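We have chain L already, so just place chain R on it with the hints.
Heads up: the protein sequence lines correspond to chains L and R, in order.
Residue numbering for the first sequence follows the numbering used here, beginning at 44 and increasing consecutively.
Residue numbering for the second sequence follows the numbering used here, beginning at 7 and increasing consecutively.
Please keep in mind that the hints were generated in silico from the structure rather than gathered at the bench.
What you are looking at is a predicted structure, and each value in this text was computed from that prediction instead of being measured.
By construction, the Cβ of each residue, glycine as well, lies at the ideal position given by its N, Cα and C atoms.
Incorrect hints may have been included.
Stated by the list, open to error - Pair ranges (Cβ atoms, derived): (1) L/Lys254 to R/Lys157: 53 to 61 Å; (2) R/Arg154 to L/Lys228: 53 to 61 Å; (3) L/Arg517 to R/Arg54: 51 to 59 Å; (4) L/Arg472 to R/Pro60: 42 to 50 Å; (5) L/Glu485 to R/Glu77: 26 to 34 Å.
What the hints assert, rightly or not - Cut-off 30 Å, straight-line C-alpha distance, at most; resulting in silico cross-link-like pairs (BS3-like, lysine-lysine): (6) R/Lys88 to L/Lys291; (7) R/Lys157 to R/Lys189; (8) R/Lys157 to L/Lys535; (9) R/Lys221 to L/Lys52; (10) R/Lys88 to L/Lys76; (11) R/Lys189 to L/Lys346.
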Amino acid sequence: MVDTDLKEKIHLLLQQVSNPSRYMGNEWNAIIKDHRSSLLKIALAFPDLYEVGMSHLGTRILYQIINSEEDLLAERVFTPAADMEALMRSESVPLFSMESFTPVHQFDLLGFSLQYELNYTNVLNMLDLAGFPLRSEQRKGFPLVVGGGVCAFNPEPLAPFIDFFVLGDGEEVILEIIELLREGKLRETPRPEILQELASLEGVYVPSFYKPKYENGVFAGIEPMGTNTPSTVNKRVLKNLDDAIYPKAPLVPYRQIVHDRAVLEITRGCVRGCRFCQAGVIYRPKRYRSKDNLVNLAVHLIKNTGYEELSLASLSSSDYPDIEELVQRLTAELPSWVNLSLPSLRPDTFSVQLAEEVQKTHKTSLTFAPEAATSRLREVINKKITEESLLAALEYSFAAGWRNIKLYFMIGLPTETDEDVEAIAEMVRRALDLYRRAGYREKLKLSVSVSTFTPKAHTPFQWEPQIPMAEIKRRQKLLYRAFKKTRGIDFKWHDAGTSYLEAAFSRGDRRLADVLEEAWRRGCKFDNWSEHFCLHAWEEVFASRGFSPSDFACKRYEAHDPLPWEHLSGGTSIDFLINEHRKSRRSKTSDENGRRNGGEKTCNA
Amino acid sequence: MQRLMFTFARCQELRYISHLEIMRLLQRAMRRAGLPVVCTQGFNPQPRLSIAAPLPVGVEAENEPAEIYLESPHLPEAFVQKMNIQLPRGFSINGAVEISLESPPLMQVVEAALYVAFPHPALFSIPVESLQREVEEIRSSEELTFFREGKKGKKQINIRPYIYELKINLLNEGKAVLRMFLKTGPQGGARPREVLQVLGEYGNFANQVYLFQLKRKGLFRYAPQRKWEMIGI
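Bound conformation, chain L alone (with noise of 0.2 Å):
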């Protein structure tokens, strides 16, 4: 099956590119098997460069699974960057896999993996770059294409070009389906008929089965057609994740990617119920791993990876049922040259002191997310953390011996005043005060990131817009003046253009998919690298098609209105979000999950 004609073609252009070891596959770990005696064969496609996708543990998960099944066979593609991509233009190279270096089209089965609204032209480009037609209803005769990952859940601008989505966890689902292609394709199922049978499939999202209405220029509602079809799809959700396989043997790359480290989810969900995040609204139930079989992974990670950090994965991860019992045993089984990362720490000294336990002697750097600097708006937003607590956590870091700390704020968060953008400023000065009234010699480092607002489908900001460009630029100017006058932070701010670009599509509806492809015509990709993205280029697109991206980012949608998602089930009622929304006007905090409010459908519990 392997054409060494291309395969020695692409040995040339690796001579000519730059980082040639993102293309070359062979990592340790890698799967290889033989294409001749696999029944169906998975493409597992990142729309970004392979440091980026390397780094999202959901592929590899599923890339594990699939590769578990005797004969099944999944590779992974990852978008080439510029260099790369106009010399296999050039020189006629189809996109390929890295393990066998075999054209996408030779597959059964194209997967992408959606996280970031800014990666969709990188899903045109690969298509493109595949050879196939970028409209689902060109693709007779082409493999299916499916997507699947948190922009599932409003994939509306991408439905005329992906054939069928997966809402929520893909452990379960995914053999399903195989199941369901692999009859199909024995059978010579038409098309048709192999959708029909995925959209009975639980999770699974068939677009072109459901027509949207507009009325004057607005989106005004969504309907299902056909007897068959569901009028509301659920997210899939797993049981129980310890039952479920999880990559033991990952691989190991060469090139250093951006989570360079092996990587243990201990929970999915989120108990806090943060009014703006989406990963809290889709990830629900909580689950957790047991300790039994965390501490058996661990050990078997960093056996088979030498990996000399062990990262434990979760939305909050001091929210662990007795994470310090966790933490001790993995100390005591794992080798001592094992760093062991806490990525999302509660603000608390509880929380420091755990990654005390864990960083004895390689303190790295802390990182909390405060998101807002006033009480009331951190009321609004359900983020039930307070200043002394924050500060409390911070002396005690820095006593412990940190030196290096990064704190993560949002601008743009409903009802905020400029009161609360400048709070933002002193709060960090409060910090700095902190530092050197304790007068400890080193320097400290302590950097202030600051992201803006984005509204997401299914959380209780749905309906929230997302505030004019111009006013981020206005706020960002404020904090930047605020600061002016303070020693020693590293303030770094999201682009402005770019937060823009996310909400509008974050939100928006299928009439987005002709702007989106005019955009890729146009050259845009890579939109989330800053040395590609082009506003200008996207407004005038935009505009082509009798748009502003801020119709949709700065769009305030009522309570009753039609919303372009409102077919996809996040898993939470639509009653539970409008009354989180409410109380956030009232500046009342709820419980964990809202769970008193009936706020969990599909809770297991």
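Positioned in the frame of chain L, the structure of chain R alone reads:
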């Protein structure tokens, strides 16, 4: 504490990984092999592993010296065997030997590197005779200007003094191989692609330089008897 010198080879796809990527590959293989690597002291402890001279991306290698410190003594043969189980296809350890803790770091000993370059048998379009002419021209020149890309932009350097030897060996069926013996190491030197680039500019094939397959045969030191000696086991 034990100090081991070892040599490694790489071929095929593994030629595309960079020096830093080789360092990480070796570190992780040692961890997987359960070898007790000594780490540096300080804020950010690093395994005490060093490679005699960075290997350029895209260049295969036959005999690259490197050294490692281990907490407890190991038979060099056992080290080689344990490592080779943990190394990917295309990358292997040839051999290892214990060396004195007092001898100078390998990196300071390296003076020169021997490369061979094979033009692509089908695609490279320059006849051997004309290649030979360009090689002669370079050998008889006293100055060869090259613009090296650095962190602070392009820098003009004369690479002629770094070219100790340059010649074409004829293989059968009219094929040829270019041998380059170049100065390398901490006091500066020339990189094989730089020499090819200059050759390509003389011979009007600068756009075909990527069609040369490069291999480093080994690294050399200047032995006391005024002879070049390959560093190895």
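Check: Holds or violated: R/Lys157 with L/Lys535, Cα cutoff 30 Å?
Finding: holds, 25 Å
Next item on the list: For R/Arg154 and L/Lys228, compare the CB-CB distance with the range 53 to 61 Å and indicate the outcome.
Entry: Taking Cβ atoms as reference, R/Arg154 and L/Lys228 lie about 55 Å apart, which means the hint holds.
Checklist line | Pairwise hint evaluation, L/Lys76 against R/Lys88, where the allowed Cα distance is 30 Å at most | finding: Holds - the C-alpha atoms of L/Lys76 and R/Lys88 are around 26 Å apart, at most 30 Å.
Note to self: Next pair to validate is R/Lys88 with L/Lys291; report whether the Cα-Cα distance is within 30 Å.
What the structure shows: Holds, because 21 Å separates the two Cα atoms, which is no more than 30 Å.
Next item on the list: Mind checking the hinted window 53 to 61 Å against the Cβ distance between L/Lys254 and R/Lys157?
Entry: For L/Lys254 and R/Lys157 the Cβ distance comes to about 57 Å; the hint holds.
Next item on the list: Return holds or violated for the Cβ distance of L/Arg472 and R/Pro60 against the range 42 to 50 Å.
Entry: holds, 45 Å
Next item on the list: Verify the proposed pairing of R/Lys189 with L/Lys346, using a straight-line Cα cut of 30 Å.
Entry: The given pair, whose Cα atoms are some 41 Å apart, is violated under the 30 Å limit.
Check: Does R/Lys221 pair with L/Lys52 here, judged by a C-alpha cut-off of 30 Å?
Finding: Holds - the C-alpha atoms of L/Lys52 and R/Lys221 are around 20 Å apart, at most 30 Å.
Next item on the list: For L/Arg517 and R/Arg54, compare the CB-CB distance with the range 51 to 59 Å and indicate the outcome.
Entry: holds, 53 Å
Note to self: Taking the Cβ atom of L/Glu485 and the Cβ atom of R/Glu77, is their distance within the range 26 to 34 Å?
What the structure shows: Distance hint for L/Glu485, R/Glu77 holds at roughly 30 Å.
Note to self: Please verify whether R/Lys157 and R/Lys189 have alpha carbons no more than 30 Å apart.
What the structure shows: Answer holds: R/Lys157 to R/Lys189 is near 22 Å, not above 30 Å.
Checked against the numbered hints listed earlier, the structure breaks hint 11 alone; every other hint is satisfied.
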